[in-house]
Every structure is written in structure tokens, then in C-alpha cells.
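Q: Sequence:
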Amino acid sequence: MGTSGWLDRLDEYFGDRLESLLRHHHQRRLRRCGWQGALDDDHDGSWWSARAPVRSGNRMDVLVDGAAALAAMETAIRGAQQSVHIAGWHASPDFRLTRGPDAVPLRDLLTGVAERVPVRLLLWAGPPVPAFQPTRRMVRRARDEFTRGGRVQCALDKRERTMHCHHEKIVVVDDTLAFVGGIDFTALEGDRHDDPMHP
Numbered sequence: 001m002g003t004s005g006w007l008d009r010l011d012e013y014f015g016d017r018l019e020s021l022l023r024h025h026h027q028r029r030l031r032r033c034g035w036q037g038a039l040d041d042d043h044d045g046s047w048w049s050a051r052a053p054v055r056s057g058n059r060m061d062v063l064v065d066g067a068a069a070l071a072a073m074e075t076a077i078r079g080a081q082q083s084v085h086i087a088g089w090h091a092s093p094d095f096r097l098t099r100g101p102d103a104v105p106l107r108d109l110l111t112g113v114a115e116r117v118p119v120r121l122l123l124w125a126g127p128p129v130p131a132f133q134p135t136r137r138m139v140r141r142a143r144d145e146f147t148r149g150g151r152v153q154c155a156l157d158k159r160e161r162t163m164h165c166h167h168e169k170i171v172v173v174d175d176t177l178a179f180v181g182g183i184d185f186t187a188l189e190g191d192r193h194d195d196p197m198h199p
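The numbering of the sequence shown is the numbering used here, which starts it at 1 and goes up by one.
Simulated from the structure, these hints should not be mistaken for lab results. Source: prediction; values computed, not measured. Hints may contain errors.
Here are the computed distance ranges between Cβ atoms for each label pair [to be verified]:
#, residue 1, residue 2, range
1, Asp65, Leu188, 35 to 45 Å
2, Tyr13, Arg59, 33 to 43 Å
3, Arg9, Phe132, 14 to 24 Å
The calculated lysine to aspartate or glutamate pairs, modelled on EDC-like cross-linking and capped at a C-alpha distance of 20 Å, are [unchecked claim]:
#, residue 1, residue 2
4, Lys158, Glu168
5, Lys158, Asp175
6, Lys169, Asp94
7, Lys158, Asp174
8, Lys169, Asp157
9, Lys169, Asp61
10, Lys169, Asp65
11, Lys169, Glu74
Virtual Cβ for every residue (Gly too), placed ideally from N, Cα, C.
The task is simple: from the sequences and hints, build the whole structure.
A: Written as C-alpha cells, this is what we have:
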């Protein structure tokens, strides 16, 4: 057996064990709040079941690069008629979703939209020990900047375990359009505006 075969089996073994531990942990948490069936595979056929039929009337566009995805998000947020919900690891108030002379900071974009529809952000509160960025202080400053002088609501979640964080990146506009993926609204950890020419 080659090294890669041995490593693959070892990786699979430990990965399966870790997945099992995490599943049991979340099952205990869900049981405590009355949602014990949420992770079961045997659902009753309701819309969220893995066995539910595919519903018509949906469309999916794949936006791989930051330049295209961020521009589409800005367009959707600007056009919101009912609500904007954002959940993510971190968001910087001065981050711009597009580049160019008309690009506005995220804070200004959200503050303007919040004049006509509810705008809510849920961000990770940062690590309990300031070992890496964003620190809790940085995140509190960002929250304060997002909410200063406007109607934007921003909550920080610090209820996770020490080594866990919010890592999702979700934007939902009007409960009808959603963006999910790996792009944070911040320049921390690199340039988010990559394009197809990016290596």
C-alpha cells in the first residue's frame, strides 16, 4: 500500500470519528431545545427533508469570483424592497463591494438601504483571546460603526466554543434571493475582488 492510500485511510478514519463526535454534540444541543429531529435523515417529506422532491421556480447562478459576486450582492442590496439579512465571519464598515469612482463603503450602502427596509447583520464576536484578527475589540468597533446614526441592526455572536467561529457567508435579500459562499465583506486576509484572471 502506498503512502497516499495509508494517509487517505487515516484521514477518513479520523474524519469519520470527528464527524460523529460533532453530530452527537449537536444532537444533544438540539435535544435540549426541543429540536431533536432536525438532524434525522427520516423526515416526513416536508420541504426541508433530504427526500423532498425538487421544487420548481428556483434558479441558481454560480458566481465564482469576488468581483462578479460582490457586484451582484451590491445590486441586490441596493434594490431591496423588504429586508436585507447578512451573516458572516467579519464585515468591515469601510469595505467596498465594487471598485471604481462610485464605490461606496459598506456602512454607507447599508445605512442608505436601512432607511426603507430592515437591515440586519449577524457577525462573529471574534476570538475570546486576541490571538488573531478580527479581535473582539475590532468587531465591537465595526458593530458600533455599522449602527451609528442609522437604522442598521448588528448583533455579535460570542456563544460558540473557544476554537469555533461563524464561518458562513450569507446574504438574503427580500427572503427571495440568497448568496452563500466564501466571500467576507472585509479586506482582512486578502483581496476579495478577484476575477477570472486571478491565479
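Q: I want to verify a distance hint. Is the separation of the beta carbons of Tyr13 and Arg59 within 33 to 43 Å?
A: holds (40 Å)
Q: Would you mind confirming whether the straight-line C-alpha gap from Lys158 to Asp174 stays at or under 20 Å?
A: Given pair Lys158, Asp174 is violated - Cα atoms ~27 Å apart, limit 20 Å.
Q: Within 14 to 24 Å or not, the Cβ separation of Arg9 and Phe132?
A: violated (32 Å)
Q: For a C-alpha distance cap of 20 Å, please report whether Lys169 and Asp61 respect it.
A: holds (16 Å)
Q: Does Lys169 pair with Asp94 here, judged by a C-alpha cut-off of 20 Å?
A: With a Cα-Cα distance of about 18 Å, the restraint between Lys169 and Asp94 holds, given a limit of 20 Å.
Q: If I claimed the Cβ atoms of Asp65 and Leu188 lie 35 to 45 Å apart, would that claim hold in this structure?
A: Check failed, 19 Å falls outside 35 to 45 Å.
Q: Given the proposed pairing of Lys169 with Asp157, does the C-alpha separation stay at or below 20 Å?
A: Holds, because 14 Å separates the two Cα atoms, which is no more than 20 Å.
Q: Hey, Lys158 versus Glu168, does the alpha-carbon distance stay inside 20 Å?
A: Measuring from Cα to Cα gives roughly 15 Å; hence the hint holds.
Q: Would you mind confirming whether the straight-line C-alpha gap from Lys158 to Asp175 stays at or under 20 Å?
A: Violated, at about 26 Å.
Q: Take a quick look at whether Lys169 and Asp65 sit within 20 Å of each other, Cα to Cα.
A: Measuring from Cα to Cα gives roughly 14 Å; hence the hint holds.
Q: Straight-line Cα separation of Lys169 and Glu74 no greater than 20 Å?
A: holds (14 Å)
When held up to the earlier numbered hints, the structure conflicts with 1, 3, 5, 7 and fits the remainder.
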